[in-house]
Structures are given as C-alpha cells and as structure tokens.
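Colleague: Model the full assembly from the supplied sequences, consistent with the hints where possible.
As they're listed, the protein sequences go chains A and B. The first sequence lines up with residues 1 to 227 when you count with my numbering. The second sequence lines up with residues 1 to 120 when you count with my numbering.
Hint data in this document are derived by calculation from the structure and do not stem from the laboratory. Any given hint could turn out to be false.
[As the list claims (entries may be wrong)] In silico SDA-like pairs for lysine to any residue, Cα to Cα no more than 25 Å straight-line:
(1) B:Lys31 <-> A:Lys78
(2) A:Lys16 <-> B:Lys77
(3) A:Lys16 <-> B:Ile100
(4) A:Lys154 <-> A:Asn106
(5) A:Lys202 <-> A:Val85
(6) A:Lys15 <-> B:Leu66
(7) A:Lys16 <-> B:Ser5
(8) A:Lys78 <-> A:Glu48
(9) A:Lys15 <-> B:Leu44
(10) B:Lys77 <-> A:Glu48
[To be verified] Just the calculated beta-carbon pair ranges, DEER-fashion:
(11) B:Glu65 <-> A:Cys176: 34 to 40 Å
(12) B:Thr20 <-> A:Lys215: 51 to 57 Å
(13) B:Cys75 <-> A:Ile95: 39 to 45 Å
(14) A:Asn219 <-> B:Gly58: 50 to 56 Å
Only a predicted model underlies this, so the values are computations on that prediction, with no experimental measurement involved. Idealized CB from N, CA, C, for every residue including glycine.
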Amino acid sequence: MDKPRILEVRQGILKKNDQLAENLRGRFQKANVCVIDLVSSPGAGKTEFLEETLRRLNEQGFKVAALVGDLATENDAKRLERSGVPVRQIETHGICHLEAEMIERNLEGWNLEELDFLFIENVGNLVCPSSYDLGEDARAVLHAVTEGEDKPLKYPTIFNSSDIAIITKIDLAEVCEFDREACHENIHAVRPGIPILETSGKKGIGFDEWFAYLKDLKNGIGSRATA
Amino acid sequence: MHELSIACSIVETVEENLPTADSRATKVILKIGKMSGVVKDALLFSFDIATQDTRVQGATLEIEELPIIVYCEKCHKNSELGNPPIFRCEHCGELTGNLIQGKEMELVSIEIEDGQTSNS
Numbered sequence: 001m002d003k004p005r006i007l008e009v010r011q012g013i014l015k016k017n018d019q020l021a022e023n024l025r026g027r028f029q030k031a032n033v034c035v036i037d038l039v040s041s042p043g044a045g046k047t048e049f050l051e052e053t054l055r056r057l058n059e060q061g062f063k064v065a066a067l068v069g070d071l072a073t074e075n076d077a078k079r080l081e082r083s084g085v086p087v088r089q090i091e092t093h094g095i096c097h098l099e100a101e102m103i104e105r106n107l108e109g110w111n112l113e114e115l116d117f118l119f120i121e122n123v124g125n126l127v128c129p130s131s132y133d134l135g136e137d138a139r140a141v142l143h144a145v146t147e148g149e150d151k152p153l154k155y156p157t158i159f160n161s162s163d164i165a166i167i168t169k170i171d172l173a174e175v176c177e178f179d180r181e182a183c184h185e186n187i188h189a190v191r192p193g194i195p196i197l198e199t200s201g202k203k204g205i206g207f208d209e210w211f212a213y214l215k216d217l218k219n220g221i222g223s224r225a226t227a
Numbered sequence: 001m002h003e004l005s006i007a008c009s010i011v012e013t014v015e016e017n018l019p020t021a022d023s024r025a026t027k028v029i030l031k032i033g034k035m036s037g038v039v040k041d042a043l044l045f046s047f048d049i050a051t052q053d054t055r056v057q058g059a060t061l062e063i064e065e066l067p068i069i070v071y072c073e074k075c076h077k078n079s080e081l082g083n084p085p086i087f088r089c090e091h092c093g094e095l096t097g098n099l100i101q102g103k104e105m106e107l108v109s110i111e112i113e114d115g116q117t118s119n120s
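Modeller: Here's what the structure looks like:
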C-alpha cells in the first residue's frame, strides 16, 4: 500500500558546487595562490581590464595566470595571451556562468604553487554567476560608465555578493554624462561598505589602487564576504 | 536566472535521497530567498521539464519564498527589505550590510511514495 511520507533533507540546492568550491578554496590556500573572480555584464570591459592587469603584474615580477569563461570562441583567451602569461579558455557551450567543476577541470596540469595570482574571467552575465562559488578569495564586479548608474539596483544580488566594485572605462565618463555620485550611492545601497575603484584599461587609470587591493588581499588583510 | 539548471540539480538531489529504486517523490518542498537570484515562476516551469522521465515526474513543487532581512548593528533591529533591496535600516536609516536572510536555496523535504516491490 503506497503511503506518502515526509523525508527531511535540509540541503543546499547547489551543495555539489559549494562542496567543490570549498575543496578548491582549500587547494588555493595551501598553494598560496590568490584567486579573483571577475564578473560583469557583457561588454563592460573585463577582458581589457584583465589584459592590463596580467601584463602589468607580469612586468612587476608576479606569477599570474587566467581562466576565461565564454559561451563560445577562444577570442578572449587569445587576446589575453598577448600579456605573456598562461591563459586557458573555458568554453561553456551555452552555460551562462562558470561553476566550480569547470574551474577544477581546467586547472589540470597547472602548478598552483608557482602562482601568485589566478584570475577567473566569468561569463558576461550579471545574474547567474552570483550563486556559483568558484573557491575564489574575492569577487570583483565590473561596471562600465557606459552602463549608466542604475545597474546595481537592477542587479542587487551580484553586487551584494561581490567584495570590490570596479567602475571601468572611466575615461569615457564625461562623454557619457556619467553621474559618479549616483553610481557610488547605488552600489553602496545594495552593498554597504564595498570598496569602489575607477579604472580605464585603455588609459591605464586606477591600476595602482587595484594592485594595492590585490596585494592586501594576498597578504590576508582583505577577506571573502560570505555570499 | 537559468532555473532549468537549478531544477536539474534539485531533481538529482531528490533522486539521491529516495530510499529505494521503486520510491517516487510526490512533493518537493523548497525555501528560496528573494535575493537568491532564482525566479520562482521560472523555477516552477523548469521543474516540470526537469522531472520528465525521472522518479520525480509529477511531483508538486512547493516553494516558500523567504524575505530579505537585514540586521542593524546601530539600533539592533531587523528590517525587511523591498524591491530593489536597499540595505538601509528602516528604523534608524543607517546603511547595513548585515544580511541575515534572503539568499537561501534549500531543499527542505520531500514527500515520498514507496513503490511496491515485486514478488516474483
């Protein structure tokens, strides 16, 4: 006789990803590599920003590498390779975000102990990446001046789950009539206290502050906000 | 958000928790925070698709939506946030990042129907 009964599960829906991410976090900490996840909408300037980051850190003598997520094409990885550091493309074949399993799989063959920093460029998407822990030390949300000032209010989850906000393409601020104050206010409204940087990949603005943040993070002063 | 992917994860977890090969799930109960990024209606729709040809097919999906609640360090009170969620204490106006509820994505329980084992 069939009799329905209740079974308590009380488990996170993304438990598998969370567990994998925690394993990765442990590996990264053991290897003393600082891992940063870059998120933004498509076209906000992640690749340009990352290219400058990799090139400059490499010149400064840091050992860096990058994993780049895209739905398709290897274009971004090829671009970033110009910086002269190891770059791997993760083609998600339609999946709109990166997951811990993809990171784990694509780290094979890399000696993490040799790295100071590992950058993960997430798929351009302000919605889905927010829920997927990748084991990173910090998540940086990039937002271009060309996107206006409202995005943080429209996409609160991704801003709230980030540790630093980076306003990109700042050299275009005047032309876009970018309301800097409003944007800062909106970012802090959904994520009080988050540090905000303003950068331009093309003009090389703001990178000193970005590297100061990264070095603090590596030295353990910064801490991962609980998502 | 890609609720189909989430729905597939739910189905996978439910099937893992079914005690026998003959068991079926008739109801799946979730707690989803309003700031989890999951859209309830999209999840309901995706669930129907994700459960097809599984032991969860036909199960009812019940979703309890949890409001976004922050705690204010200044006045020690909780506030429920609206949409968009402005992280400001509704009592004293102080900005607060202290989220105590809102990002949950939890599979709470499942209602199981044990199948009849064949005796042959």
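Colleague: All hints, please: hold or fail.
Modeller: Verification of the hints:
1. B:Lys31 <-> A:Lys78: Status violated; Cα separation ~42 Å.
2. A:Lys16 <-> B:Lys77: Status violated; Cα separation ~34 Å.
3. A:Lys16 <-> B:Ile100: holds, 23 Å
4. A:Lys154 <-> A:Asn106: Given pair Lys154 (chain A), Asn106 (chain A) is violated - Cα atoms ~32 Å apart, limit 25 Å.
5. A:Lys202 <-> A:Val85: Holds - the C-alpha atoms of Val85 (chain A) and Lys202 (chain A) are around 19 Å apart, at most 25 Å.
6. A:Lys15 <-> B:Leu66: Holds. Lys15 (chain A) to Leu66 (chain B) sits at ~19 Å (cutoff 25 Å).
7. A:Lys16 <-> B:Ser5: holds, 13 Å
8. A:Lys78 <-> A:Glu48: Holds, at about 12 Å.
9. A:Lys15 <-> B:Leu44: holds, 20 Å
10. B:Lys77 <-> A:Glu48: violated, 44 Å
11. B:Glu65 <-> A:Cys176: 34 to 40 Å: holds, 37 Å
12. B:Thr20 <-> A:Lys215: 51 to 57 Å: holds, 56 Å
13. B:Cys75 <-> A:Ile95: 39 to 45 Å: holds, 43 Å
14. A:Asn219 <-> B:Gly58: 50 to 56 Å: holds, 55 Å
Violation of the numbered hints given earlier is confined to hints 1, 2, 4, 10; the remaining hints are satisfied by the structure.
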